[in-house]
Amino acid sequence: GENVEQHPSTLSVQEGDSAVIKCTYSDSASNYFPWYKQELGKGPQLIIDIRSNVGEKKDQRIAVTLNKTAKHFSLHITETQPEDSAVYFCAASIEGSGGSNYKLTFGKGTLLTVNP
Amino acid sequence: DSGVTQTPKHLITATGQRVTLRCSPRSGDLSVYWYQQSLDQGLQFLIQYYNGEERAKGNILERFSAQQFPDLHSELNLSSLELGDSALYFCASSARGPSSNYGYTFGSGTRLTVV
Numbered sequence: 001g002e003n004v005e006q007h008p009s010t011l012s013v014q015e016g017d018s019a020v021i022k023c024t025y026s027d028s029a030s031n032y033f034p035w036y037k038q039e040l041g042k043g044p045q046l047i048i049d050i051r052s053n054v055g056e057k058k059d060q061r062i063a064v065t066l067n068k069t070a071k072h073f074s075l076h077i078t079e080t081q082p083e084d085s086a087v088y089f090c091a092a093s094i095e096g097s098g099g100s101n102y103k104l105t106f107g108k109g110t111l112l113t114v115n116p
Numbered sequence: 117d118s119g120v121t122q123t124p125k126h127l128i129t130a131t132g133q134r135v136t137l138r139c140s141p142r143s144g145d146l147s148v149y150w151y152q153q154s155l156d157q158g159l160q161f162l163i164q165y166y167n168g169e170e171r172a173k174g175n176i177l178e179r180f181s182a183q184q185f186p187d188l189h190s191e192l193n194l195s196s197l198e199l200g201d202s203a204l205y206f207c208a209s210s211a212r213g214p215s216s217n218y219g220y221t222f223g224s225g226t227r228l229t230v231v
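Chains as they are written, first to last, in this note's numbering: chain A, 1 to 116; chain B, 117 to 231.
It is worth saying that the hints were derived from the structure and are not from the lab.
In this text the structure is predicted, and so the values were computed from the model without any measurement.
Heads up, the beta-carbon is just placed ideally off N, CA and C, and yes, glycines get one too.
Some clues are possibly wrong.
Stated by the list, open to error - Listed next, with one range per pair, are the computed distances between beta-carbon atoms:
#1 K58(A) with E169(B): 46 to 52 Å
#2 D156(B) with K71(A): 22 to 28 Å
#3 N193(B) with A29(A): 43 to 49 Å
#4 D117(B) with D17(A): 44 to 50 Å
#5 D156(B) with Q45(A): 21 to 27 Å
#6 D27(A) with Q133(B): 35 to 41 Å
#7 G200(B) with Q45(A): 26 to 32 Å
#8 D27(A) with E170(B): 32 to 38 Å
#9 D156(B) with S26(A): 17 to 23 Å
#10 K125(B) with P82(A): 22 to 28 Å
#11 F185(B) with S26(A): 31 to 37 Å
#12 A172(B) with N67(A): 26 to 32 Å
#13 Q14(A) with F185(B): 46 to 52 Å
Stated by the list, open to error - Only pairs whose alpha carbons sit at most 30 Å apart, straight line, appear in this in silico DSBU-like list of lysine-lysine:
#14 K125(B) with K37(A)
#15 K42(A) with K108(A)
#16 K42(A) with K173(B)
Given only the sequences and the hints, what does the whole structure look like? Please build it.
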C-alpha cells in the first residue's frame, strides 16, 4: 500500500519567515495530494491540494509543488503569521478509479510554530 | 462548523466495554471515512463507506465495526476496549463519486479515553 513520509516533524520559524514542509510517497499511481491544517482541539482542515497533472499550485501565501518523477511534494508558506501555528499533514491518494476507494494516506504531521 | 457532526465529543469508559461513535456527513456527501489519530501513529485509516456500502478497509481491528445507514450517517462500534484504544477518532466525508475526488471534510472528532 501507499506510504507517505513527512519531514520535519517539528518546525519553528520567526514571524514573516517562510516555512517548507516536505513529503515523499511510495505509490507511483497516486495522483492526488492534499494538505491539511489541524489546530488544537479541531479536526484537520483542507488548505490546498494538487493533482498530478500540475506541477505547482498557489493560493495567497501558501503554495504546493509536486515532482512526480521523484515522488515528492512540498508545502510552502510565505510571510508566516502566528495564526499559521498548527499541525500540518500531507496526504496522497489515487482518484478516478471508477468506484474504487479513495482513502487518503497521511504523513505523520509537522508541528509548525511561528514565533512573534 | 465544517458540516460534519460527530458525537459525542468526549467519551470515558472502562476496559472491556463497548462504545458507539456517531457521524453525520456534510449534506450531499455520500462517502464517510473513519480515522484513528494517536500521538505516535498519526492519522490511521480505519474504514470507508460509500452510499451505504463498505468500500475500503484499513488496519481496523476485528473488535471494531462500522456501518452507514440509509440516511448516510455512520456509526463506529468499538468493543472489548483496551487501554491502547484511547485516541481521537475522526469521521470525514466527501462528495466523491465514482470518478472524482473532492478532498475530505473532517468532523471535530471524538476523544475516547479508556481507563
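So, going through the hints one by one against the coordinates:
no.	hint	result
1	K58(A) with E169(B): 46 to 52 Å	violated, 38 Å
2	D156(B) with K71(A): 22 to 28 Å	holds, 25 Å
3	N193(B) with A29(A): 43 to 49 Å	violated, 32 Å
4	D117(B) with D17(A): 44 to 50 Å	violated, 32 Å
5	D156(B) with Q45(A): 21 to 27 Å	holds, 23 Å
6	D27(A) with Q133(B): 35 to 41 Å	holds, 38 Å
7	G200(B) with Q45(A): 26 to 32 Å	holds, 28 Å
8	D27(A) with E170(B): 32 to 38 Å	violated, 22 Å
9	D156(B) with S26(A): 17 to 23 Å	holds, 20 Å
10	K125(B) with P82(A): 22 to 28 Å	holds, 26 Å
11	F185(B) with S26(A): 31 to 37 Å	holds, 35 Å
12	A172(B) with N67(A): 26 to 32 Å	holds, 27 Å
13	Q14(A) with F185(B): 46 to 52 Å	holds, 50 Å
14	K125(B) with K37(A)	holds, 20 Å
15	K42(A) with K108(A)	holds, 17 Å
16	K42(A) with K173(B)	holds, 24 Å
Violated hints for the displayed structure, listed by number in ascending order: 1, 3, 4 and 8.
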